[in-house]
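Engineer: Sequence:
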Amino acid sequence: MTELSDAHTQQPGLAGRKAIITGGTTGIGRAIAVLLASEGARIFVCGRTPEHLDDALKRIREVGEGDGINVDLANREEAERFFDAAEDYLGGIDIAVINAAVPAEALAETDDGDTDYQIAVDFASYLTTTQAAAKRMKAGSDIVLIGSMSAVSRKGGNSIYVAAKSGIQGFV
Numbered sequence: 000m001t002e003l004s005d006a007h008t009q010q011p012g013l014a015g016r017k018a019i020i021t022g023g024t025t026g027i028g029r030a031i032a033v034l035l036a037s038e039g040a041r042i043f044v045c046g047r048t049p050e051h052l053d054d055a056l057k058r059i060r061e062v063g064e065g066d067g068i069n070v071d072l073a074n075r076e077e078a079e080r081f082f083d084a085a086e087d088y089l090g091g092i093d094i095a096v097i098n099a100a101v102p103a104e105a106l107a108e109t110d111d112g113d114t115d116y117q118i119a120v121d122f123a124s125y126l127t128t129t130q131a132a133a134k135r136m137k138a139g140s141d142i143v144l145i146g147s148m149s150a151v152s153r154k155g156g157n158s159i160y161v162a163a164k165s166g167i168q169g170f171v
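Counting along the sequence shown from 1, when you hit position 49 you're at 48 in numbering that gives the first Met the number 0, and nothing is skipped either side.
Any given hint could be a false lead.
With a Cα cut of at most 20 Å, we get these calculated SDA-like pairs of lysine to any residue [to be verified]:
hint : residue 1 : residue 2
1    : K134      : N74
2    : K134      : E79
3    : K134      : E76
4    : K57       : T25
5    : K134      : L144
6    : K57       : Y88
7    : K134      : R80
8    : K137      : G90
9    : K134      : G91
10   : K57       : I27
11   : K137      : Y88
12   : K57       : S37
13   : K137      : A84
14   : K137      : G91
15   : K137      : R16
16   : K134      : D93
17   : K57       : R47
18   : K134      : A84
19   : K134      : G90
20   : K134      : F170
21   : K134      : Y88
22   : K137      : L126
23   : K57       : L34
24   : K57       : A84
Label pairs and their in silico Cβ distance ranges [to be verified]:
hint : residue 1 : residue 2 : range
25   : T109      : G169      : 19 to 25 Å
26   : A138      : G26       : 27 to 33 Å
27   : K57       : G12       : 19 to 25 Å
28   : R80       : D115      : 19 to 25 Å
29   : K57       : F170      : 31 to 37 Å
Since the hints were made in silico from the structure, they are not lab data.
All figures in this text were calculated on a predicted structure; none of them were measured in a lab.
Beta carbons are placed, not taken as given, at the ideal position from N, Cα and C, and that holds for glycine.
All chains should be modelled from the sequences, with the hints used to inform the complete structure.
Structural biologist: Okay, structure coming up:
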């Protein structure tokens, strides 16, 4: 009988690589951070909630090395603070996973302030964090933007999120 292993164990290791993950404290971002750490990359994550950051860092440190900070990427200055802290901790960035997002309601159910915030996080922060990462990375580094099937399925009820993810798809 042939033994099968996890697909990621068949890939070259990431020892010595330095990775940042925005929105790396929950969901897909957390899973990516844990996987990259388990493959040997040093990790630096950000998220908005202290409890989620603590929980994510605990898991990351069970399989590898990592740290992170709480920031709100809707604010460009906080995004810069994240990148400065990441560079201080990692000593450079080889891999940038741009993933942070917030859930969005239907446009008709959202007030103007919430709409602005959702666009700032779900779309504009992808542009600003990609730019910030690119300025700090050397040739041969990798930037990965996490999109969503919402960009193509366009299901009702979350039109702001769909618009943001469609914009990201157009950006890449």
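Engineer: Confirm or reject each hint.
Structural biologist: These are the hints, each one checked on the structure:
no., hint, result
1, K134 with N74, "18 Å, holds"
2, K134 with E79, "11 Å, holds"
3, K134 with E76, "15 Å, holds"
4, K57 with T25, "12 Å, holds"
5, K134 with L144, "16 Å, holds"
6, K57 with Y88, "17 Å, holds"
7, K134 with R80, "14 Å, holds"
8, K137 with G90, "12 Å, holds"
9, K134 with G91, "11 Å, holds"
10, K57 with I27, "16 Å, holds"
11, K137 with Y88, "17 Å, holds"
12, K57 with S37, "13 Å, holds"
13, K137 with A84, "18 Å, holds"
14, K137 with G91, "9 Å, holds"
15, K137 with R16, "12 Å, holds"
16, K134 with D93, "12 Å, holds"
17, K57 with R47, "16 Å, holds"
18, K134 with A84, "15 Å, holds"
19, K134 with G90, "14 Å, holds"
20, K134 with F170, "17 Å, holds"
21, K134 with Y88, "17 Å, holds"
22, K137 with L126, "18 Å, holds"
23, K57 with L34, "14 Å, holds"
24, K57 with A84, "19 Å, holds"
25, T109 with G169: 19 to 25 Å, "22 Å, holds"
26, A138 with G26: 27 to 33 Å, "31 Å, holds"
27, K57 with G12: 19 to 25 Å, "23 Å, holds"
28, R80 with D115: 19 to 25 Å, "21 Å, holds"
29, K57 with F170: 31 to 37 Å, "33 Å, holds"
No hint from the list above goes unmet by this structure.
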